Amino acid sequence: MKMNKNKQAFTAYGFPAYSGAQELCHQRVYTPDRRHLDWQAFTAIDAPTEVIAWYTKQLGTEGFEADGTGGVWRVPPDAPGRVIHVLPVAAPGPHQSCECAPPPDAQTVIIVSRMS
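The numbering used here puts the last residue of the sequence shown at 265; the count rises by one with no breaks.
Rather than coming from a laboratory, the hints here were simulated on the basis of the structure.
On a predicted model such as this, the values are computed, not experimentally measured, just so you know.
Note that beta-carbon positions come from the ideal geometry of N, C-alpha and C, so glycine has one too.
Be careful, since some hints might not be right.
Ranges between beta-carbon positions, derived for each pair [said to hold, decoys possible]:
no.	residue 1	residue 2	range
1	250	226	32 to 40 Å
2	211	248	28 to 36 Å
3	218	182	30 to 38 Å
4	246	209	28 to 36 Å
5	157	194	15 to 23 Å
6	227	254	34 to 42 Å
Assemble the whole structure, with the sequences as input and the hints as a guide.
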């Protein structure tokens, strides 16, 4: 069975794929110490609270921090190498640098990232 592209992307970051999430963009950012941060943004038509509730069932609350109307999981919590951030589409974040805009029915942005 072939894994769909979005599920494969979430899996590469070590997180479960949110059903119906659509890729918005991805980028690589280099740090002064020559490491890089890869991140990928996805949109969902569900409200951020619904997405957070689903991820809480999948990931639990360890490493979770509420962030306004969104939230962030850091894995591991004390020295995160992987992060998943759930936020409203209109909230400020790296997704605003994407070349394409979120679809009109999108309510939520899910950003997965890892430091290498």
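Check your understanding: So which of those numbered hints doesn't the model satisfy?
Key -> Violated hints: none at all, because every hint is consistent with the structure.
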